[in-house]
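A.B. asks: Residue strings, one per chain:
Protein chains: 2
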Amino acid sequence: MKSREVHLNAYLKGDPRPENYSIVETDVPAPGKGEVTVRNHYISVDPYMRGRMSGIRTYVGPFEIGKVMEGGAVGEVVESQYDGLKPGDFVNSMFGWREAYTAPGDGLQKIDVSQLPPQAYLGIAGLTGMTAYVGIKRIIGLKEGETMWMSAGAGAVGSAGIQFAKAMGANVIATAGGREKCDFVKSIGADAVVDYKAESDLTAAIQAAAPKGIDAYFENVGGTHFTAALNTLKQYGRIAACGMIQRYNDAQPAAITDNLTFIVGKSLRIQGFIVTDHFDMMGDFIKELSGWMAAGKITPAETVIEGIENAPDAFMGLFSGRNTGKMLVKI
Amino acid sequence: MKSREVHLNAYLKGDPRPENYSIVETDVPAPGKGEVTVRNHYISVDPYMRGRMSGIRTYVGPFEIGKVMEGGAVGEVVESQYDGLKPGDFVNSMFGWREAYTAPGDGLQKIDVSQLPPQAYLGIAGLTGMTAYVGIKRIIGLKEGETMWMSAGAGAVGSAGIQFAKAMGANVIATAGGREKCDFVKSIGADAVVDYKAESDLTAAIQAAAPKGIDAYFENVGGTHFTAALNTLKQYGRIAACGMIQRYNDAQPAAITDNLTFIVGKSLRIQGFIVTDHFDMMGDFIKELSGWMAAGKITPAETVIEGIENAPDAFMGLFSGRNTGKMLVKI
Chain A
4 MKSREVHLNA
14 YLKGDPRPEN
24 YSIVETDVPA
34 PGKGEVTVRN
44 HYISVDPYMR
54 GRMSGIRTYV
64 GPFEIGKVME
74 GGAVGEVVES
84 QYDGLKPGDF
94 VNSMFGWREA
104 YTAPGDGLQK
114 IDVSQLPPQA
124 YLGIAGLTGM
134 TAYVGIKRII
144 GLKEGETMWM
154 SAGAGAVGSA
164 GIQFAKAMGA
174 NVIATAGGRE
184 KCDFVKSIGA
194 DAVVDYKAES
204 DLTAAIQAAA
214 PKGIDAYFEN
224 VGGTHFTAAL
234 NTLKQYGRIA
244 ACGMIQRYND
254 AQPAAITDNL
264 TFIVGKSLRI
274 QGFIVTDHFD
284 MMGDFIKELS
294 GWMAAGKITP
304 AETVIEGIEN
314 APDAFMGLFS
324 GRNTGKMLVK
334 I
Chain B
4 MKSREVHLNA
14 YLKGDPRPEN
24 YSIVETDVPA
34 PGKGEVTVRN
44 HYISVDPYMR
54 GRMSGIRTYV
64 GPFEIGKVME
74 GGAVGEVVES
84 QYDGLKPGDF
94 VNSMFGWREA
104 YTAPGDGLQK
114 IDVSQLPPQA
124 YLGIAGLTGM
134 TAYVGIKRII
144 GLKEGETMWM
154 SAGAGAVGSA
164 GIQFAKAMGA
174 NVIATAGGRE
184 KCDFVKSIGA
194 DAVVDYKAES
204 DLTAAIQAAA
214 PKGIDAYFEN
224 VGGTHFTAAL
234 NTLKQYGRIA
244 ACGMIQRYND
254 AQPAAITDNL
264 TFIVGKSLRI
274 QGFIVTDHFD
284 MMGDFIKELS
294 GWMAAGKITP
304 AETVIEGIEN
314 APDAFMGLFS
324 GRNTGKMLVK
334 I
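The listed protein sequences derive, respectively, from chains A and B. When you read off a place in the first sequence, starting at 1, and then add 3, the result is the number in the working numbering. When you read off a place in the second sequence, starting at 1, and then add 3, the result is the number in the working numbering.
By construction, these hints were calculated from the structure, which means they are not laboratory data. It is possible that part of the hints are untrue.
One copy or any two copies: either way a pair holds, since identical chains are not told apart in the list.
Unchecked claim - Listed below are the simulated SDA-like cross-link pairs for lysine to any residue, each with C-alpha atoms no more than 25 Å apart in a straight line: (1) LYS189 with ILE277; (2) LYS269 with PRO34; (3) LYS140 with ASP280; (4) LYS269 with VAL63; (5) LYS333 with VAL31; (6) LYS16 with LEU88; (7) LYS5 with PHE93; (8) LYS215 with TYR85; (9) LYS5 with ARG182; (10) LYS269 with GLU67; (11) LYS215 with ARG325; (12) LYS269 with TYR239.
Sequences and hints are given; from them, build the entire structure.
C.D. replies: The structure is reproduced here in structure tokens:
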């Protein structure tokens, strides 16, 4: 069996471009003892991958040049020499941007596709949803009746987090870029939406949407959003810093206006986090999410691009905001 | 009895200047029933007071224009109509920048001057020391063997914090401005000292002093110090944000280099705090401090300016770094 896969050609500075990636065709070996061959149905492209393309070690190491890029993928077992999986079963892996692969069966997570479509395990019921849940529940510690600002509200984590925060009884204001995305954010339950592309003064716009201030800010963007959050947070406000996508492609650090003294003046707490440090919450997450889904409180949202050859394009689209909800590549 | 006191003439923008303050002579009434008259021996001038001179409400309200400025002071009871205090007793009050006052006795804290000099209650054994303790013990949660960077190491909170962190078994690097202050910081136990005025690249200097990185940063300065801290903190690093004195006198926010993405990439926790929210730790603090002092681990450090008429000058000196240790005005 043949499989096409995506390789990184060199570490990046600045915006990712098509020439940074190669599509390479490889042979998929037949499974040996204990192995299975899987044909992927969906792969996940995520903003955090930009960090791994820089060659710098942060919370995960860099991608290897000239090898397939790792990342979440769901697929169907097509051949098995492993007792725990049979053809037709669906599995979740981190084997990344490729059409098919052969791997030991005991390293794969079997998923139940009777209640949810397979790609939900890359989105609302996967690391994306879990990231929103950890940020809101543990890092912020959001309480019923509080007001939270979700940035990048039309994105994968943002659209999940808006719905989770509403399900927890909070008041949610969200930012998104452009009319279409703002309409989407409204449709999934945000109490107020600010189109940051239409506002020259983001602080004033957030203050208008939340006249009493915000208790918490879920950070996916950075830059001017972060500055506006410090301006509008109440005393003892909390920030869950999940990502700062506005900065990931900057070859040089930018200068921003320094209002950091609000950290002292308002006794703010700002905490960066990575979902993989909080897997102890997985059981709680699945249980609470199942309840919300059964009650009809959650609408999974996704943008689907077709074909492995378009995976780099889908990834680059994350930075120009081409997705509403989770960005997926369908194989 | 007459008392001279210091009034604020108008709310400030930018650097405090002598013309912002007036020295006013008033009559101190004889004590009524339940009251005492106190002659102050020392008053405290502190960086946080700059915020109260701006007319903006942060964690404490602004000073009142044309009234005596509030603040910590220790003095001796000279006349008493209150059963709990007699002439010769020493008390701690927040009645501020004046030579003497009459007030209800039950609002004053009697202090024990048999073991410590009265002014220690404005410094190492008072809110200053407590601030350092809360920041290190609760906000950072410093552990034995970890490396902490104390900024403004020659200052009141800094010099207390260096000694507390050493007593807790940590490795401490400190920054201070100029040879004399750096020598002082070394003399109270810092393992390494960086003269930030002599370094053009503070990040490189901190990296040289702590080649494996720092686990924690105690923030008193802001600006370039904060930037260098984000650069040098290890994964899961913590910042206790106590003050950002470099910024307090800025009439306009400054632009700084944005390396805030490290908050995400290194899962950092940054927390602003004000000591008055943590008075539940007072008992632990006094107990632990007494043990350290009995073991000879602590050297209280202070800079003393004489005369109430020089209180504004002493206050302004905080921002040009004229103090080592706690800045006090002796009456």
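A.B. asks: Work down the list of hints and note, for each, if the structure agrees.
C.D. replies: Each hint tested on the structure:
Taking identical chains as interchangeable, the C-alpha atoms of LYS189 and ILE277 are never at most 25 Å apart, the minima being 27 Å within one chain and 38 Å between chains. With identical chains, the CA atoms of LYS269 and PRO34 are never at most 25 Å apart, being 59 Å at best within one copy and 39 Å at best between copies. In the homo-oligomer, the alpha carbons of LYS140 and ASP280 lie at most 25 Å apart both inside one protomer (14 Å) and across protomers (23 Å), since each shortest distance falls under that limit. Taking the shortest alpha-carbon separations for LYS269 and VAL63, only the inter-copy value of 10 Å comes in at or below 25 Å, while the best intra-copy value is 33 Å.
Taking the shortest Cα distances, LYS333 and VAL31 sit within 25 Å of each other inside one copy (19 Å), while across copies they are farther apart (83 Å). Within a single copy, LYS16 and LEU88 get their C-alpha atoms no closer than 42 Å, and across copies no closer than 70 Å, so neither meets the 25 Å cut-off. With identical chains, the CA atoms of LYS5 and PHE93 are at most 25 Å apart within one copy only, with a shortest distance of 20 Å there and 87 Å across copies. Taking the closest pair of Cα atoms, LYS215 and TYR85 never come within 25 Å of each other, the shortest separation being 58 Å inside a single copy and 45 Å across copies.
For the identical chains of this complex, LYS5 and ARG182 are neighbours neither inside a copy (43 Å) nor across copies (69 Å), given an alpha-carbon limit of 25 Å. With identical chains, the CA atoms of LYS269 and GLU67 are at most 25 Å apart between copies only, with a shortest distance of 21 Å across copies and 43 Å within one. In this assembly of identical chains, LYS215 and ARG325 lie within 25 Å of each other by CA distance neither inside one copy nor across copies; the values are 33 Å within and 41 Å between. For the homomeric pair LYS269 and TYR239, the shortest alpha-carbon distances inside one copy (6 Å) and between copies (23 Å) are both at most 25 Å.
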